[in-house]
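Just so you know, the protein sequences line up as chains A and B, in that order. Numbers 1 to 730, taken from our numbering, label the letters of the first sequence in order. Numbers 1 to 162, taken from our numbering, label the letters of the second sequence in order.
Simulated from the structure, these hints should not be mistaken for laboratory data. Just so it is clear, the structure is predicted and the values come from calculations on it, not from any experiment. Even glycine gets a Cβ: it sits at the ideal position worked out from N, Cα and C. Each hint should be verified, as a subset may be incorrect.
To be verified - Here are some chain A residues pointing at chain B (derived, C-beta under 8 Å): (1) R207; (2) Y220; (3) W276; (4) N295; (5) G424; (6) I425; (7) G641; (8) V643; (9) F667.
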Amino acid sequence: MTKTIHDTTAPVSRRKFIVGSAAVAGGGLALGFDVPLGAAQGQNAGNELGIWVVVRPNNDCVIRIARSEMGQGTITGLAQLVAEELECDWQRVKTEGLLPGQNLARKRAWGNMSTGGSQGIRQSQDYVRRGGAVARMMLLQAAANEWGVPVGELTVSKGTISHAASKRQTTYGRVAAAAVKLTPPDPKSIKLKDPKSWTIAGKPLKRLDTAAKLNGSLVYAIDLKLPGMLNAAIKDCPVYGGKLRSFDEAKVAKLPGVRKVVRVKDTAVAVVADTWWQAKTALDALPIVWDEGENAKVSDATIAQHIATGLTATETNGDRREGDALAAIAGAAKKIEATYSTPFLSHACMEVMNATVRLTADKAECWTPTQNLEASLAALSSESGVPLGQCEVYRHDLGGGFGRRGGTQDYVRKAVTVAKEFPGIPIKLIWSREEDQTHDFFRPISMAKFSAGLDEKNNLVGLHVRVSGQSINAHLNPAAMAGGRDMRQLQGFWAEAGDAQMGYTVPNLLVEYAMRNTHVPVGPWRGVNTNQNGYYLECFIEEVARASGRDSLEFRRAMMSKHPKHLAVLNAAAEKGDWGKPLPPGVHRGIAQFMGYGSYSAATAEVSVDKAGNVKVHRMVLALNCGHIANPDQIAAQVEGSVVYGLSATLFGECPVANGRMTSLNFDTYRMLRLAEMPKVETVTVPTYDFWGGVGEPTICVVAPAVINAIFTATGKPVRSLPVKNVKLV
Amino acid sequence: MARLNINGQNRDVQVAADTPLLWVIREQVGLTGTKYGCGVAQCGSCSVHINGELVRSCSMRVGDVRPTDKIVTIEGLSRNSSHPVQRAWAAIDVPQCGYCQSGQIMAAAALLRKKPRPTDADIDEAMTNICRCGTYQRIRAAVHMAAGNGNGGSVGRGNRKS
Numbered sequence: 001m002t003k004t005i006h007d008t009t010a011p012v013s014r015r016k017f018i019v020g021s022a023a024v025a026g027g028g029l030a031l032g033f034d035v036p037l038g039a040a041q042g043q044n045a046g047n048e049l050g051i052w053v054v055v056r057p058n059n060d061c062v063i064r065i066a067r068s069e070m071g072q073g074t075i076t077g078l079a080q081l082v083a084e085e086l087e088c089d090w091q092r093v094k095t096e097g098l099l100p101g102q103n104l105a106r107k108r109a110w111g112n113m114s115t116g117g118s119q120g121i122r123q124s125q126d127y128v129r130r131g132g133a134v135a136r137m138m139l140l141q142a143a144a145n146e147w148g149v150p151v152g153e154l155t156v157s158k159g160t161i162s163h164a165a166s167k168r169q170t171t172y173g174r175v176a177a178a179a180v181k182l183t184p185p186d187p188k189s190i191k192l193k194d195p196k197s198w199t200i201a202g203k204p205l206k207r208l209d210t211a212a213k214l215n216g217s218l219v220y221a222i223d224l225k226l227p228g229m230l231n232a233a234i235k236d237c238p239v240y241g242g243k244l245r246s247f248d249e250a251k252v253a254k255l256p257g258v259r260k261v262v263r264v265k266d267t268a269v270a271v272v273a274d275t276w277w278q279a280k281t282a283l284d285a286l287p288i289v290w291d292e293g294e295n296a297k298v299s300d301a302t303i304a305q306h307i308a309t310g311l312t313a314t315e316t317n318g319d320r321r322e323g324d325a326l327a328a329i330a331g332a333a334k335k336i337e338a339t340y341s342t343p344f345l346s347h348a349c350m351e352v353m354n355a356t357v358r359l360t361a362d363k364a365e366c367w368t369p370t371q372n373l374e375a376s377l378a379a380l381s382s383e384s385g386v387p388l389g390q391c392e393v394y395r396h397d398l399g400g401g402f403g404r405r406g407g408t409q410d411y412v413r414k415a416v417t418v419a420k421e422f423p424g425i426p427i428k429l430i431w432s433r434e435e436d437q438t439h440d441f442f443r444p445i446s447m448a449k450f451s452a453g454l455d456e457k458n459n460l461v462g463l464h465v466r467v468s469g470q471s472i473n474a475h476l477n478p479a480a481m482a483g484g485r486d487m488r489q490l491q492g493f494w495a496e497a498g499d500a501q502m503g504y505t506v507p508n509l510l511v512e513y514a515m516r517n518t519h520v521p522v523g524p525w526r527g528v529n530t531n532q533n534g535y536y537l538e539c540f541i542e543e544v545a546r547a548s549g550r551d552s553l554e555f556r557r558a559m560m561s562k563h564p565k566h567l568a569v570l571n572a573a574a575e576k577g578d579w580g581k582p583l584p585p586g587v588h589r590g591i592a593q594f595m596g597y598g599s600y601s602a603a604t605a606e607v608s609v610d611k612a613g614n615v616k617v618h619r620m621v622l623a624l625n626c627g628h629i630a631n632p633d634q635i636a637a638q639v640e641g642s643v644v645y646g647l648s649a650t651l652f653g654e655c656p657v658a659n660g661r662m663t664s665l666n667f668d669t670y671r672m673l674r675l676a677e678m679p680k681v682e683t684v685t686v687p688t689y690d691f692w693g694g695v696g697e698p699t700i701c702v703v704a705p706a707v708i709n710a711i712f713t714a715t716g717k718p719v720r721s722l723p724v725k726n727v728k729l730v
Numbered sequence: 001m002a003r004l005n006i007n008g009q010n011r012d013v014q015v016a017a018d019t020p021l022l023w024v025i026r027e028q029v030g031l032t033g034t035k036y037g038c039g040v041a042q043c044g045s046c047s048v049h050i051n052g053e054l055v056r057s058c059s060m061r062v063g064d065v066r067p068t069d070k071i072v073t074i075e076g077l078s079r080n081s082s083h084p085v086q087r088a089w090a091a092i093d094v095p096q097c098g099y100c101q102s103g104q105i106m107a108a109a110a111l112l113r114k115k116p117r118p119t120d121a122d123i124d125e126a127m128t129n130i131c132r133c134g135t136y137q138r139i140r141a142a143v144h145m146a147a148g149n150g151n152g153g154s155v156g157r158g159n160r161k162s
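Start from the sequences and build out the full structure, keeping to the hints where you can.
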């Protein structure tokens, strides 16, 4: 695949490119494009070297970022990877976020922009590093041409190019204009650096985006101000599947600031006013009649009954079958059984759902926090009817994502519907916290029934797992369920290596999934199904280990010889977590390991339970093998964050359903971990440098089981349903 | 109509007296560093100082603020992010998404004004703001650092081992 600059004399904004799309866009035909980009234009234009790097005359190196920043540090990590190959001065690195319209106009030259599944870095690391290398090679070649020496005689350090023999030096900024005129090398032909020789990537460098988060200057989408902008508040039918029957606009039309009450499709109503507080005040006062429909009869109890039917039914929606588990258990010397359950959970991003949309005769624009700029663009176009090429979504860093802001784009669609009533006027639609808690795509509810058989020597000879619960794919992506099979709900039980493989070898294994959907919308939630499945498997393995009379760690190790990477992180967690060593009186330890998002995780937890049944998590040690490390300090931050998100869910998290609707609508009832409840978290990375795994999600799946297994040690009783707050521990 | 003194400036705003101070700060005054998180004084994202006291502005009516009350928002905490809390936050790279951090910083600054050398128990009691990204460990370390309690106090920074 080649990549050639044809017109070497025209201004940068008119240069034409032929791009090998397989290198940069994940496959397809070689495509031509000639669309300019922001950084390459204007008086202070830099020189665009390849597609990922712009070098300015003052030696600033602008590194382009295609993924969304939601706090996970992807801007910094990706910039480190590019800068490593670019060999620039890290102090001169700036970043520029790409827009989906720009990507579309260049035939997706920058590849996938979606930021979910812990893929931001691992999926793009190869082509962005090559992008950095392309720019470096062009810059070095330009210097070599200027000096008339072979490029191989040059060295570069921190953006300064040297020729030792002639004692000459120059900088990237000085040669960039000449470098632009060269033919870029084929990215695929480049040999990337050995990660063990990295000096920028892999180092605990400070984040590039911290300063604006310390003084209120970072403009989140919810903070946006545009000339003439109006604000909207929205209520959707609280019962999913229900409809908006009517509303009495006259009752609020004269309230301060109110411009209009808008029907939003057939399920919701929005008030548009000068300010958001006026809009919300009027919406709260607006008489609304809902047609709640049959789903208003649904409650926690009916949902639980429905899901329980999947535990005893015989049909499945996906399974893994090795040997004959049922026979092995039937003939076993000792049998163990347990049934577990987990509730719906909302994401509760600190920045509530919001989108600002402006529709004009020939253009649709949107400002929104999104984990998938291209999905936002597609939603903007399809909902507005404006062709994709005349749409743009402007980038804002997200006030939290956690999977809520990926493919669904419901908030963009709703904002477009409201904005259609106000041509040319920007409409900012902000959900109240209560609306955000009501209309989420929740972590799916599920139950799991386990049976195990131990032989005379207390070895696990048969394991039967039956998971029953709601399917994310059924709600969001039915096309992914060929023949009604949905192995995604068995994430972490998979046989296949590399992504979410079960780390134990059991001679007779049967894992089954029974789909039991409800009327509640579900979606990916940080860690997705590894949360529930990690809790189920690792807490049941704990029960089996105790029934066997063997040490919890030794029992696990005995089944892991064929899974050395799983075993290595378990060993690391055990060692750094002081497994087997004495603890203060009343403090007890638990352990767990699980896999998701291409990375291996294990944890120990030190927990006490007081006489009133209050749980205190004192310390957690998390071991992670994510293959390579882009920034160890940001990995630690993600691990710490996963503990908080996971502990909130484990200890307190539930979204109950009554009369068809959510009842936990704000943080007074949807309780979250606070600082005082934060355990000391130690992150142990054990990279093997032979793969690229995820970071944002993998470790959350071991938080619940490590803590629950410690509670088991403390109380002598297993916890078989979450959250812990609902369980009588003593 | 209300007169507010925000970050040392008097601002006259046309707004109903029962409007929460948070929304006046954001929509009438135009300072958006103070965030909406819950509207019910649970998360602390809207924290500001009034006469040096920490206030969750989502739950204070603008009509209850006197013209003489000195309101300080994150934008007015310091020039050039030079407050010791902001410097410690930067040194430890506390923020992830950053959305709650205005409130966290205002809460920490209020704590240090009252207790210049807070203990872990003091920090537990004072720092009740919600962070969904989970930056609590670094917040604790940064408060200790801002207080001059050594590098991160009892917990230390990140506790990363490899």
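Hints and how they fare:
Evaluation of the R207/A hint against chain B yields a held restraint, the C-beta minimum of about 5 Å falling below 8 Å. For Y220/A, the shortest C-beta to C-beta distance to chain B is roughly 6 Å, which falls under 8 Å, so the interface hint holds. Given the 8 Å rule on beta carbons, the hint for W276/A holds: about 7 Å separates it from the nearest Cβ of chain B. Checking N295/A against chain B by beta carbon gives a least distance of about 27 Å; that is not within 8 Å, so the hint is violated.
Restraint check, G424/A versus chain B: the minimum CB separation of about 21 Å is more than 8 Å; hint violated. Taken as an interface hint, I425/A does not check out: its beta carbon lies about 17 Å from the nearest beta carbon of chain B, beyond 8 Å. Below 8 Å, beta-carbon pairs count as interface contacts, and G641/A has one with chain B at about 3 Å; its hint therefore holds. A least Cβ separation of about 6 Å between V643/A and chain B falls short of the 8 Å threshold, and the interface hint therefore holds.
Proximity of F667/A to chain B holds as hinted, the smallest CB-CB distance being about 4 Å (cut-off 8 Å).
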